[in-house]
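Sequence order for the protein chains is H and L. Reading the first sequence from the start, the letters are residues 23 to 134 in the working numbering. Reading the second sequence from the start, the letters are residues 87 to 224 in the working numbering.
Quick caveat, the hints were computed from the structure, so don't treat them as lab data. Hints may be right or wrong, so weigh each one.
[Stated by the list, open to error] Computed list of lysine-lysine pairs in DSSO-like fashion (alpha-carbon distance at most 30 Å, straight line):
#, chain 1, residue 1, chain 2, residue 2
1, L, 163, H, 111
2, L, 153, H, 87
3, L, 161, H, 111
4, H, 87, H, 111
5, L, 127, H, 111
6, H, 126, L, 92
[Claimed, not checked] Quick partial rundown of chain H residues pointing at chain L, CB under 10 Å, derived from the structure:
#, residue
7, 85
8, 111
9, 121
[Claimed, not checked] If you only want the chain L side, here are some residues facing chain H, beta carbon under 7 Å, derived:
#, residue
10, 118
11, 122
12, 133
13, 144
14, 146
15, 179
16, 201
17, 219
Treat the numbers as computed from the prediction; the structure is a model and nothing was measured. Where a beta carbon is used, it is the ideal one built from N, C-alpha and C, also for glycine.
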Amino acid sequence: MKRLSFKLIVFSLAVISTVELSSCKGKTDKSTTTTSPDTTSTTTTAPVEVASDEALRNGVKDATKDYPSVTATVADGEVTLTGTLERSKLPALMQSINSLNPKKVNNQLTLN
Amino acid sequence: MAIQQKYQELINAARTSGVNNLQVREQNNVLYIDGEAPTGKVKDQLWDIYNRIDPDFRSGDLVLDVKASSAAGTKAKVITETSNLNIRKGPGTDQPIVGKAAHHEMVTVVNQTNDQWTLIRTDAGEEGYVYNRYLEKA
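This is chain H alone, in the form it adopts within the complex:
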């Protein structure tokens, strides 16, 4: 929803700027009328979407199901991993956790 409303704002701004530019037609040179909003670069600066704590809790439950020695806690968008894990399994677990749209991942695991 956030992304959608942001896109609407960007679109509205684009429309407004186009209207303003077109009102200047004839008064200024051609370069102003060829200006178009660079939507690609605007989109990349959209704020990062962080999942709700409830969604994160559901997600980490699935992600850690096969690692019973790992505990994942969620608070204010941050996922904190504690417990023990074999180092070779860490990348796979981190990939799963990172795909849940957390604000931050705190890896406090003891690796062996």
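Starting from the structure of chain H, add chain L where the hints point.
Relative to chain H, chain L alone:
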């Protein structure tokens, strides 16, 4: 900006390896890199670079979410350690198990439901959801 410099090699690798819709954003001292990797191998390479720059991913200053999606109809390999892979009725470990795919079995992707779950079909005709971590996509 300091975080981007720290992970510059990773950002450059993502740019040159064909990651689609790549977004690099910094917010509250955390760097977020999102995009869609063309293959699972590219995703793994990016994670290798991440692990090299920040050993064991300890700093908590990067959220790397580069997906390796696969198109419907493509094949994927079951990469559990040794066991069979649970096929579930819905996308969640709270969902009932409706079948199993064998270790190293090739299954067909029906659709990529979300970043965690993929709907698959086995050659035996079993259909359901499996956890993405256990699928190696072409």
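To see whether the hints hold, each was checked on the structure:
1. L:163 x H:111: holds (18 Å)
2. L:153 x H:87: Distance ~21 Å between residue 153 of chain L and residue 87 of chain H Cα, so the pair holds.
3. L:161 x H:111: holds (24 Å)
4. H:87 x H:111: holds (13 Å)
5. L:127 x H:111: holds (17 Å)
6. H:126 x L:92: holds (17 Å)
7. 85: holds (7 Å)
8. 111: This interface hint holds because 9 Å falls under the 10 Å limit.
9. 121: The hint holds - residue 121 of chain H has a Cβ within 10 Å of chain L, the shortest such distance being about 4 Å.
10. 118: holds (5 Å)
11. 122: With a closest approach of 12 Å, the residue 122 of chain L hint is violated.
12. 133: Holds, because the Cβ-Cβ distance from residue 133 of chain L to chain H comes to roughly 5 Å (cut-off 7 Å).
13. 144: holds (6 Å)
14. 146: Hint holds; residue 146 of chain L Cβ to chain H Cβ min 5 Å, cut 7 Å.
15. 179: With a minimum Cβ separation of about 5 Å from chain H (threshold 7 Å), the hint on residue 179 of chain L holds.
16. 201: Holds, about 4 Å.
17. 219: Constraint on residue 219 of chain L satisfied, holds at 5 Å.
In summary, the one numbered hint that this structure violates is 11.
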